[in-house]
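J.: What follows is the residue order along each chain.
Number of protein chains: 2
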Amino acid sequence: MKTGEFKILKKSSECSARTGKFKTVNGEINTPVFMPVGTQGSVKTISNLELQEMEAEVVLANAYHLYLRPGTETIESCGGIQKFIGWKGPMLTDSGGFQVFSLATLRRVEEDGVEFQSHIDGSKHFLGPEKSMEVQKKIGADIIMCFDECTPYPCTKEYAKRSMDLSVNWARRCKKKFEELDEGKQLLFGIIQGSVYPDLRRESAERTIDIGFPGYAIGGLAVGEPKEEMFKALETTTPILPEQKPRYSMGIGMPEDIWESVERGVDMFDCVLPTRNGRNGQAFTSSGRVNIKNAEFQKDFSPLDPECSCPTCKGYNRAYLNHLFRCQELLVLRLLTLHNLHFMIKLTKVIRKSIESDNFVESKKEFLSKYLK
Amino acid sequence: MKTGEFKILKKSSECSARTGKFKTVNGEINTPVFMPVGTQGSVKTISNLELQEMEAEVVLANAYHLYLRPGTETIESCGGIQKFIGWKGPMLTDSGGFQVFSLATLRRVEEDGVEFQSHIDGSKHFLGPEKSMEVQKKIGADIIMCFDECTPYPCTKEYAKRSMDLSVNWARRCKKKFEELDEGKQLLFGIIQGSVYPDLRRESAERTIDIGFPGYAIGGLAVGEPKEEMFKALETTTPILPEQKPRYSMGIGMPEDIWESVERGVDMFDCVLPTRNGRNGQAFTSSGRVNIKNAEFQKDFSPLDPECSCPTCKGYNRAYLNHLFRCQELLVLRLLTLHNLHFMIKLTKVIRKSIESDNFVESKKEFLSKYLK
Chain C
334 MKTGEFKILK KSSECSARTG KFKTVNGEIN TPVFMPVGTQ GSVKTISNLE LQEMEAEVVL
394 ANAYHLYLRP GTETIESCGG IQKFIGWKGP MLTDSGGFQV FSLATLRRVE EDGVEFQSHI
454 DGSKHFLGPE KSMEVQKKIG ADIIMCFDEC TPYPCTKEYA KRSMDLSVNW ARRCKKKFEE
514 LDEGKQLLFG IIQGSVYPDL RRESAERTID IGFPGYAIGG LAVGEPKEEM FKALETTTPI
574 LPEQKPRYSM GIGMPEDIWE SVERGVDMFD CVLPTRNGRN GQAFTSSGRV NIKNAEFQKD
634 FSPLDPECSC PTCKGYNRAY LNHLFRCQEL LVLRLLTLHN LHFMIKLTKV IRKSIESDNF
694 VESKKEFLSK YLK
Chain Y
334 MKTGEFKILK KSSECSARTG KFKTVNGEIN TPVFMPVGTQ GSVKTISNLE LQEMEAEVVL
394 ANAYHLYLRP GTETIESCGG IQKFIGWKGP MLTDSGGFQV FSLATLRRVE EDGVEFQSHI
454 DGSKHFLGPE KSMEVQKKIG ADIIMCFDEC TPYPCTKEYA KRSMDLSVNW ARRCKKKFEE
514 LDEGKQLLFG IIQGSVYPDL RRESAERTID IGFPGYAIGG LAVGEPKEEM FKALETTTPI
574 LPEQKPRYSM GIGMPEDIWE SVERGVDMFD CVLPTRNGRN GQAFTSSGRV NIKNAEFQKD
634 FSPLDPECSC PTCKGYNRAY LNHLFRCQEL LVLRLLTLHN LHFMIKLTKV IRKSIESDNF
694 VESKKEFLSK YLK
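Protein chains in written order, with the numbering used here: chain C, 334 to 706; chain Y, 334 to 706.
Since the hints were made in silico from the structure, they are not lab data.
There are no misleading hints in this set.
Identical copies carry no separate label here, and so any pair may be met within one copy or between two of them.
Calculated pairs, DSS-like style, for lysine-lysine (alpha carbon to alpha carbon, straight line, at most 25 Å):
{"hint": "1", "residue 1": "LYS377", "residue 2": "LYS626"}
{"hint": "2", "residue 1": "LYS471", "residue 2": "LYS632"}
{"hint": "3", "residue 1": "LYS416", "residue 2": "LYS626"}
{"hint": "4", "residue 1": "LYS647", "residue 2": "LYS377"}
{"hint": "5", "residue 1": "LYS508", "residue 2": "LYS356"}
Chain C with its partners taken away, still in its complex shape (with noise of 0.2 Å):
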């Protein structure tokens, strides 16, 4: 396989589920994938040893982050972002489009990009399409990402559109910069905007797939819009996107949705809420969602989850990680999160042998019927 290209393994007969491998320069990446996040280069509190062994397929980091701290020449004079956090299989990098509205302090958007200010210090910073692609060829990433606005939700029909058009022009621009930047290391995803209006997903799609990217994102979904609303956005981006190419919803990574976004042919998954929820107390289990603090579980001895075997649910039982917390020791927070990636990466693999048997959907029942009860 070449750099980039998506080999589609298996389809269903059944829905728009497939099973593919993508190739990049520091790895494959099998498809469906859920790809834990490290924004600021380090998946909270998580060795890369562990992430090793969960068999994660790719790390995601973040442009904003990484610009701002520890700056782009730090990890670019250390050989780029793998040699610098000790990673090595594939990483995916974000923009930071989406930090640079939600997080920073906005001075003034423009074509051109961006200029805003640090939610760290306050220092002055810009961010365009062109930077974003600088950054993040420092960076050095396997998979990189257009520079775009993420459409808030929700949002004025009229604000869509100016957004969306936005996006699209500095997509031009994204792969324009690429190109000149390109020793053949990198893959730029195009990603496809439009907020919930189905014509401009259409749009947005139709125009991006014209200037030709690798593989494709769906951005602007779990931002707050009610679900019926992110999956008719997925139903009708996906069947437009070429099949041939790997499909990224952006942020969408509950498991339910997961089973939900892969039966409409979506490839790649990236959600914080695995390791967010961990340092929160709450588990994915087997049986639905638990909160290890809850006092029901004080004098529990099982396991988290008798059916993972994950580290934590092989060494540890649950009236210990309620007393962890209680006792606020760090410790719980990683077997926390250790548990969420584990499960999810489980999740991933499950799906994946459903789609490879051709019985998705009824596996799919079987996962729901035990994870909602």
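Since the structure of chain C is already known, use the hints to place chain Y on it.
T.: Positioned in the frame of chain C, the structure of chain Y alone reads:
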């Protein structure tokens, strides 16, 4: 070997250093040994698997903390502390005496023990020699400690004498209660007090030996006294202690102090500094102490300690660790703690080897010439 037996394997011809093996129900402990501290039943940020991989021989916990949370009944109903926390090797609990006097609000100190208010919620409790034995029996560690008063520093000779008398009386009552409860699974250690007064240290040692224990701790050190006083107290005490019993200096654990203490005949150590300093950015390295937060490390891509083979030093660089601290990423707390514990355990292995090859003095000089450069 029988439980409670201490076998001396090799004695230095140059000093009082010796290597040995101490047998507990849950395994043999090789001495000199550094014991990681897991006050609330968790060596802060570190998993059991990591403790096992670094070859930790014993893990400490604290009766005062575990009595308050999760409560001794919870631990007992789980089948003991090892089952509760998932650690399979030997464990030692401190009696809670030190914590009652240093953390809690004292209500009344009497011959029977201490009435105090919890440092967590102000609730009223009582600990004394008999109660501490009951608590430590239910917790179920392999080695348990007499309930004593850790004499503060500085203190008058009158206070030190009264305090030492109290601790000796309590030690006698601890042993009596221990024998009532004993099922042959636990070992009770006596504790020598006497502050910085050689005659009191001697008297405490003699009276405690008269009561008779399978091991003797030297308490009341590393509490603020000058280093010379600390070593003088060890020199006064260890020659009186029975050669065939392990000697444990409580709270001593800086790398340089371990060399000095082993030289004076001490076998067992514990100290919170490797864990606590790790969480503050301080690392022990073969060339001395390093504060990874310092700006000088921002672009230093070398390992934390080039001579170390721990997962932190094999998998990460200084610039990344510095970055994680600046970003307040939790991962760095475990990475530094892991390294520091590895460092301490490797140190005791180096010390054991130096005794085995009867090269202690030279090895100590070599280590300190680099470490204290």
